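Colleague: Each chain, written out:
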Amino acid sequence: MMQRPAWWMLIPAALGLLVFVVVPFVCSFGMSFTDLALGSPHPVRWVGFQQYQRLAADPSVARALTNNLIFAVVITPLQTALALFLACVLNRPGWRLGGFYRSLFFAPVVFPMSLVAVIWRYLYAPGASGAFNQVLNALSLGHWQPRDFLHDPQLALPSLMLLSIWQGVGLQMVLLLAGLQQIPADLYEAAALDGSSPLLRFRFVTLPMLRNTLIFTALMTTILAFRVFDQVQILTHGGPAGATTTLMFELVRSAFERLQMGRACALTVVFVIIVVVLTGVQRFLLRQKSL
Amino acid sequence: MRDGLVAALACVYLLPIATLFGGSLAQDGLGNYGSVLQRIDFLTLLCNSLVISGFTVGIGTLINSMAGYALARTTFPGRQAALAVVLLCMVIPFEAVAVPLFYAVSREGLRDTLSMQILPFVANGFSIYMFYTFYLDFPRELEEAARLDGAGPWQIYSRVALPNSKPALATNAVITLLSSWSAYLWPLLVTAGPQARPLSLAIATFLATPPLHWGQIFAFGVLMVTPVLLLFLRLQRHFQPNALTSGIK
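Chains as they are written, first to last, in our numbering: chain Z, 41 to 331; chain U, 2 to 250.
One chain only, chain Z, in its complex shape (with noise of 0.2 Å):
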């Protein structure tokens, strides 16, 4: 039985999201056919797919692109397996030790990213003394020899790589965590009365089970791939040479650095085509009834 009609409840909320989000999205959309620069004296004209095909013939989109796709491609399958892994462990039942290390895990979560970028800026100093080389150096027994590891063009994009998965994986572990908890146990006794192995239990009762939590968590950090920026501005801003530039590293030079707003516009909608991509990948494979 329903209420009242109360659709004044929702305006509020409506007047924020029409604002904020809607008006803007749209307003994206339209500023992208035009070179509107912010403070420019000039008027603004209609220019069509011109900033489209800019984007298209511009090396450094294509190159922020790549390492977009690459930064995805590498973490999502690493980040969700050592998700998957740790809360597989930690699903044990009155462990002492398990409650510490959800907490542990999960800590970096609560550290903004900008400090976590500072924190790591320490450890991948350059030269001997810098807290990774000395690490690795230790490990090696001497024979490491000393890196910069922000600014080497080979290294910089999978530093970037690992600190993020520091500060990801503990969001995802305490989803799968969740996951892992709302399997009946009875299951798993049937598997065991069955007598098949842990490997075979994790293989036909666990993995089938998590599924959806599995998709939804991956596709969570894909998506997450394609916003990195705050890590890229503060540690190597898009460099050595573009080894580490990002789409939204792109899109805040163009809208900040050079004002140029139809530019920033294109890339926010090439932004969105991705993120939408991929969302529905995430839904067409929630609602699929098997992998």
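Simulated from the structure, these hints should not be mistaken for lab results. Values in this document were obtained by computation on a predicted structure and should not be read as measured data. Where hints are given, some of them may not hold.
Which stretches of chain Z does chain U cover? Using the computed rule of at least three CB atoms under 8 Å from a CB of chain U, they are [what the hints assert, rightly or not]:
#, segment
1, 46–58
2, 68–79
3, 142–154
4, 291–305
By construction, the Cβ of each residue, glycine as well, lies at the ideal position given by its N, Cα and C atoms.
Dock chain U against chain Z, hints included.
Modeller: What follows is chain U alone, placed relative to chain Z:
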């Protein structure tokens, strides 16, 4: 072997955290904390962060839970359409609207204000949807008694539903707080000076301002993360990760 692997991972995990807290006492010990307060106007930055996050969480929780309740429990023309809009807004990340908003804020001379770091984040499709699914499962018997007493939707929402929504409120508050306290991109765009800057952005400017003194930088970091860490530990009991995946069932 599994336990050994977890212990090894825990060590790797602990290293950056230990670096932060240990490093904040290196060189000048507790003097690092005093130096931070001397070198920059830390209190202003802290107040900015507290005001921005406090209002975003407070107003946001109120209006989003109100909207979620109205969608779940009342009927009105256009309810289905409103629900569809909420679902759409859920998919749109903030970055997708940042440029037009930045343009509008710059043109209207609203940079360096706290309100422009609060208002855009108050109404949130994800929060509304979370409350909507929560109130769909809310036991109707609780509301029925109030309704028979002649209470309207507002009274039932504020006197019955809200006081019984602790898990949803806590979960929503934690998520909103974490994202608000970490805001970086938007404050970078809309603050030119320190007067309206939050801590999350200021730590990066502090890092970039010579002299580079890691003890002080880490002390800044500890001061910045401690409030959220404490609050999270307090709310942890009510925090329900399940709510985050409410859309997948």
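Colleague: Test coverage of the segment 291–305 of chain Z by chain U using CB-CB distances below 8 Å; three residues minimum.
Modeller: holds (count 7)
Colleague: How does the segment 68–79 of chain Z fare against chain U when you require at least three residues with a CB closer than 8 Å, holds or violated?
Modeller: n = 4 at 8 Å, threshold three: holds.
Colleague: Confirm or reject the coverage of the segment 46–58 of chain Z by chain U under the rule of 3 or more residues with a beta carbon closer than 8 Å to the chain's beta carbons.
Modeller: holds (count 10)
Colleague: Count the residues of the segment 142–154 of chain Z whose CB lies closer than 8 Å to any CB of chain U, then report whether that count reaches three.
Modeller: As far as the segment 142–154 of chain Z goes, the hint holds, because 10 residues have Cβ atoms under 8 Å from chain U.
In the structure shown, no violation is registered for any of the earlier numbered hints.
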